[in-house]
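Colleague: Position chain B relative to chain A; hints supplied.
Chain order of the listed sequences is A and B. Quick note, the first sequence lines up with residues 1 to 196 if you use the numbering used here. Quick note, the second sequence lines up with residues 1 to 196 if you use the numbering used here.
Errors might be hidden in some of the hints.
Unchecked claim - Think about it this way: if two alpha-carbon atoms lie no more than 25 Å apart in a straight line, the pair counts; the simulated SDA-like pairs of lysine to any residue are:
1. B/LYS9 / A/GLU170
2. B/LYS9 / A/HIS150
3. B/LYS55 / A/PHE171
4. A/LYS16 / A/ASN42
5. A/LYS16 / A/ALA59
6. B/LYS55 / B/ARG128
7. B/LYS155 / B/ARG10
8. A/LYS9 / A/LYS155
9. B/LYS9 / B/SER164
10. B/LYS9 / B/PHE66
11. A/LYS9 / B/THR159
12. B/LYS16 / B/GLN28
13. A/LYS55 / A/GLU153
14. A/LYS16 / B/THR159
15. A/LYS16 / B/GLN169
16. B/LYS55 / A/GLU170
17. A/LYS9 / A/ALA152
18. B/LYS16 / A/HIS150
19. B/LYS16 / A/GLN169
20. A/LYS155 / B/LYS155
21. A/LYS9 / B/LYS9
22. B/LYS155 / A/GLU32
23. B/LYS9 / A/ALA59
24. A/LYS9 / B/ARG43
25. A/LYS9 / B/ALA19
Source of the hints: derived by calculation from the structure; they are not laboratory data.
2 protein chains.
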Amino acid sequence: MSDILEIIKRRRSIRKFTAEPVSQEQIQALLEAAMAAPSASNRRPWEFVVINDEKRLEALRARLPFGRYNAPLAIVVCGDMRRAYPAPGRDFWICDCSAAMQNILLAATGMGLGSVWVGIYPIGLLVRAVSSLVNLPEHVIPLGVAYVGHPAETKPPRTQYDASRVHWQEFAPRAPRRRKPWWPFGKGRSKGEGTA
Amino acid sequence: MSDILEIIKRRRSIRKFTAEPVSQEQIQALLEAAMAAPSASNRRPWEFVVINDEKRLEALRARLPFGRYNAPLAIVVCGDMRRAYPAPGRDFWICDCSAAMQNILLAATGMGLGSVWVGIYPIGLLVRAVSSLVNLPEHVIPLGVAYVGHPAETKPPRTQYDASRVHWQEFAPRAPRRRKPWWPFGKGRSKGEGTA
Numbered sequence: 001m002s003d004i005l006e007i008i009k010r011r012r013s014i015r016k017f018t019a020e021p022v023s024q025e026q027i028q029a030l031l032e033a034a035m036a037a038p039s040a041s042n043r044r045p046w047e048f049v050v051i052n053d054e055k056r057l058e059a060l061r062a063r064l065p066f067g068r069y070n071a072p073l074a075i076v077v078c079g080d081m082r083r084a085y086p087a088p089g090r091d092f093w094i095c096d097c098s099a100a101m102q103n104i105l106l107a108a109t110g111m112g113l114g115s116v117w118v119g120i121y122p123i124g125l126l127v128r129a130v131s132s133l134v135n136l137p138e139h140v141i142p143l144g145v146a147y148v149g150h151p152a153e154t155k156p157p158r159t160q161y162d163a164s165r166v167h168w169q170e171f172a173p174r175a176p177r178r179r180k181p182w183w184p185f186g187k188g189r190s191k192g193e194g195t196a
Numbered sequence: 001m002s003d004i005l006e007i008i009k010r011r012r013s014i015r016k017f018t019a020e021p022v023s024q025e026q027i028q029a030l031l032e033a034a035m036a037a038p039s040a041s042n043r044r045p046w047e048f049v050v051i052n053d054e055k056r057l058e059a060l061r062a063r064l065p066f067g068r069y070n071a072p073l074a075i076v077v078c079g080d081m082r083r084a085y086p087a088p089g090r091d092f093w094i095c096d097c098s099a100a101m102q103n104i105l106l107a108a109t110g111m112g113l114g115s116v117w118v119g120i121y122p123i124g125l126l127v128r129a130v131s132s133l134v135n136l137p138e139h140v141i142p143l144g145v146a147y148v149g150h151p152a153e154t155k156p157p158r159t160q161y162d163a164s165r166v167h168w169q170e171f172a173p174r175a176p177r178r179r180k181p182w183w184p185f186g187k188g189r190s191k192g193e194g195t196a
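Chain A on its own, in the form it takes in the complex (with noise of 0.2 Å):
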């Protein structure tokens, strides 16, 4: 076994960073963990915004009510539906882009930086308000932003593993689900209640 699992379980969403510029190094290596994600027909159907400039990187914040963050760097993960899948299958471009997108995340925690992922699509109005601040044509949709920088902040690395969640050969257990009655004192509430 090697250490992915502890790092899968170390990435947590950082939101608190300090000033230290994230290295030209480390954008190139977060870039590379992107590219290499799957994509279905190995389209690969996105496009990357980095954003490192201060400036900016406050039009954006301004622009992301719940993504004012002060990390040293934004990469804006985009959808080209240019080169995405064709009608029935547009939306695989969400998957592929959400691949590369946690691709960055676990790159970033392996290299000791913080990182969290804020949505935007499918949110119109934040896709519109990214949409313009980084000058994307009509046919790019930014899918999120991940926001990458030296933490300022710890959180211990965790699982949410959940049992329940867990299913064997099919969803359902073949046993009938038996519902608990919502009203708990017999049948006394619907008598006189004639439902026929």
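Modeller: Here is chain B on its own, set in the frame of chain A:
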């Protein structure tokens, strides 16, 4: 720098597997990795159907024209619409479940296993085929299937890094975009084709 970058590049789509089963400990580790993924507002809108029964795997393969791989294990990653973010942000479930899926693939790679992500949602035909096979209720949507097993093929590590997908501070360069004329011989073709 940790070996996470190496594992991210080593994760390739593996479609041929030996008969050796994936152990219970390995399955547990894959699910812990999956549920360590981030999700919008930490809603964890996921459910996992683990299939390692050969008959049911056979039935799954029969329903997936582009997913007939001989892995001894399939994990169907599903989104639960009752747990998903409400209306305008509903599609965040695709991001959340994709991050969980990517964690499964990377965890598998780290454990020396091979894996491949077979996309299901948003292809209606596949969604219905898988839902009926594993008995999903209406509100649970299969996003994709991770086939996992001991690899019977090897592929070299790679990133598909492409510098043309990287943009700095904003998408389009400030310089005006000059298009090559599609007709390379001057204005010849438009002569006499008045557009006024």
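Colleague: Next, verify each hint and record whether it holds.
Modeller: Against the structure, the hints:
no.: 1; hint: B/LYS9 / A/GLU170; result: violated, 32 Å
no.: 2; hint: B/LYS9 / A/HIS150; result: holds, 24 Å
no.: 3; hint: B/LYS55 / A/PHE171; result: holds, 16 Å
no.: 4; hint: A/LYS16 / A/ASN42; result: violated, 35 Å
no.: 5; hint: A/LYS16 / A/ALA59; result: holds, 18 Å
no.: 6; hint: B/LYS55 / B/ARG128; result: holds, 19 Å
no.: 7; hint: B/LYS155 / B/ARG10; result: holds, 8 Å
no.: 8; hint: A/LYS9 / A/LYS155; result: holds, 10 Å
no.: 9; hint: B/LYS9 / B/SER164; result: holds, 19 Å
no.: 10; hint: B/LYS9 / B/PHE66; result: holds, 24 Å
no.: 11; hint: A/LYS9 / B/THR159; result: holds, 23 Å
no.: 12; hint: B/LYS16 / B/GLN28; result: holds, 22 Å
no.: 13; hint: A/LYS55 / A/GLU153; result: holds, 24 Å
no.: 14; hint: A/LYS16 / B/THR159; result: violated, 30 Å
no.: 15; hint: A/LYS16 / B/GLN169; result: holds, 22 Å
no.: 16; hint: B/LYS55 / A/GLU170; result: holds, 12 Å
no.: 17; hint: A/LYS9 / A/ALA152; result: holds, 18 Å
no.: 18; hint: B/LYS16 / A/HIS150; result: violated, 41 Å
no.: 19; hint: B/LYS16 / A/GLN169; result: holds, 22 Å
no.: 20; hint: A/LYS155 / B/LYS155; result: violated, 36 Å
no.: 21; hint: A/LYS9 / B/LYS9; result: holds, 19 Å
no.: 22; hint: B/LYS155 / A/GLU32; result: holds, 18 Å
no.: 23; hint: B/LYS9 / A/ALA59; result: violated, 34 Å
no.: 24; hint: A/LYS9 / B/ARG43; result: holds, 17 Å
no.: 25; hint: A/LYS9 / B/ALA19; result: violated, 30 Å
The structure fails to meet hints 1, 4, 14, 18, 20, 23, 25 from the earlier list, while all remaining hints are met.
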